[in-house]
Amino acid sequence: GAGVSQSPSNKVTEKGKDVELRCDPISGHTALYWYRQRLGQGLEFLIYFQGNSAPDKSGLPSDRFSAERTGESVSTLTIQRTQQEDSAVYLCASSEGGAAETQYFGPGTRLLVL
Amino acid sequence: GDSVTQMEGPVTLSEEAFLTINCTYTATGYPSLFWYVQYPGEGLQLLLKATKADDKGSNKGFEATYRKETTSFHLEKGSVQVSDSAVYFCALSDLGDGNNRLAFGKGNQVVVIP
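One line per chain: the protein sequences are C and U, in this order.
Note that our numbering has the first sequence beginning at 1, numbered continuously upward.
Note that our numbering has the second sequence beginning at 1, numbered continuously upward.
Chain C with its partners taken away, still in its complex shape (with noise of 0.2 Å):
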């Protein structure tokens, strides 16, 4: 079956705007994880979806970030006024469980603010 596909794959955008990063996780998955990587760092957790609910928001940077699911499937990641320190690889992840189950991670969203 397909993995965990992410939209766009890459994203370049000025200071200031807003940008819309998506995930579709493997079908079935409940748990779906979002995670950022910074260029020659390890991933920073961001936010975790139990269904539609997130029990977990305390990776989130700022007020500036902000996610949803919806129909425990699709994910979009939304940051507004983008800076340029948002410049990093993306990754979404899902599992079928709590986090004790393996997370499957998607190609990610390399995004880079001028």
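No lab work stands behind these hints, which were simulated from the structure alone.
Here the structure is a predicted model, which means the values were calculated and not measured.
Accuracy of the hints is not assured; some may be wrong.
[What the hints assert, rightly or not] Straight-line distance between alpha carbons at most 30 Å, and here's what the computed DSS-like set of lysine-lysine pairs gives: (1) K57/C / K17/C; (2) K52/U / K77/U; (3) K52/U / K106/U; (4) K57/C / K106/U; (5) K106/U / K77/U; (6) K77/U / K60/U; (7) K106/U / K68/U; (8) K57/C / K11/C; (9) K77/U / K56/U; (10) K106/U / K11/C; (11) K15/C / K106/U; (12) K52/U / K57/C.
[To be verified] Stretch by stretch, here's where chain C covers chain U in the computed footprint (C-beta under 8 Å, at least three residues): (13) 40-46; (14) 101-114.
[As the list claims (entries may be wrong)] Covered by chain U, per the in silico footprint, the following chain C stretches (three or more residues, Cβ under 8 Å): (15) 62-73; (16) 106-114.
Quick reminder that beta carbons are idealized off the backbone N, C-alpha and C, glycines included.
Got chain C; can you put chain U on it based on the hints?
Showing chain U alone in chain C's frame:
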């Protein structure tokens, strides 16, 4: 909070050499431990995992043993190939403190020279 520490710096070695990448962790509960691999131009893939103390995860000739007494999960391979060149990330998940996310180390770039 939970954290993972990987040895500093890239690893360069010759084909058929022995590979070790050190990983230690700090966690409040009883985490599951993972190694993920990112091949050039590809997304993160699960390499192996272990869910309890003394478990050994293995895949593609790689092994790692969950050592609770030393809080470690070092990755080893007896004879590396050029195709093993990639970035390797150690990670943990720990439902014990209520967080449903993976905590990653910074990753190690492995370059295998023919």
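Structure-based check of each hint:
1. K57/C / K17/C: Status holds; Cα separation ~23 Å.
2. K52/U / K77/U: Holds, at about 21 Å.
3. K52/U / K106/U: holds (23 Å)
4. K57/C / K106/U: holds (22 Å)
5. K106/U / K77/U: holds (20 Å)
6. K77/U / K60/U: Measuring from Cα to Cα gives roughly 9 Å; hence the hint holds.
7. K106/U / K68/U: Holds: K106/U and K68/U sit about 21 Å apart, inside 30 Å.
8. K57/C / K11/C: holds (24 Å)
9. K77/U / K56/U: Given pair K77/U, K56/U holds - Cα atoms ~13 Å apart, limit 30 Å.
10. K106/U / K11/C: holds (24 Å)
11. K15/C / K106/U: holds (27 Å)
12. K52/U / K57/C: holds (27 Å)
13. 40-46: holds (count 5)
14. 101-114: Since 7 is at least three, the answer is holds.
15. 62-73: violated (count 0)
16. 106-114: holds (count 3)
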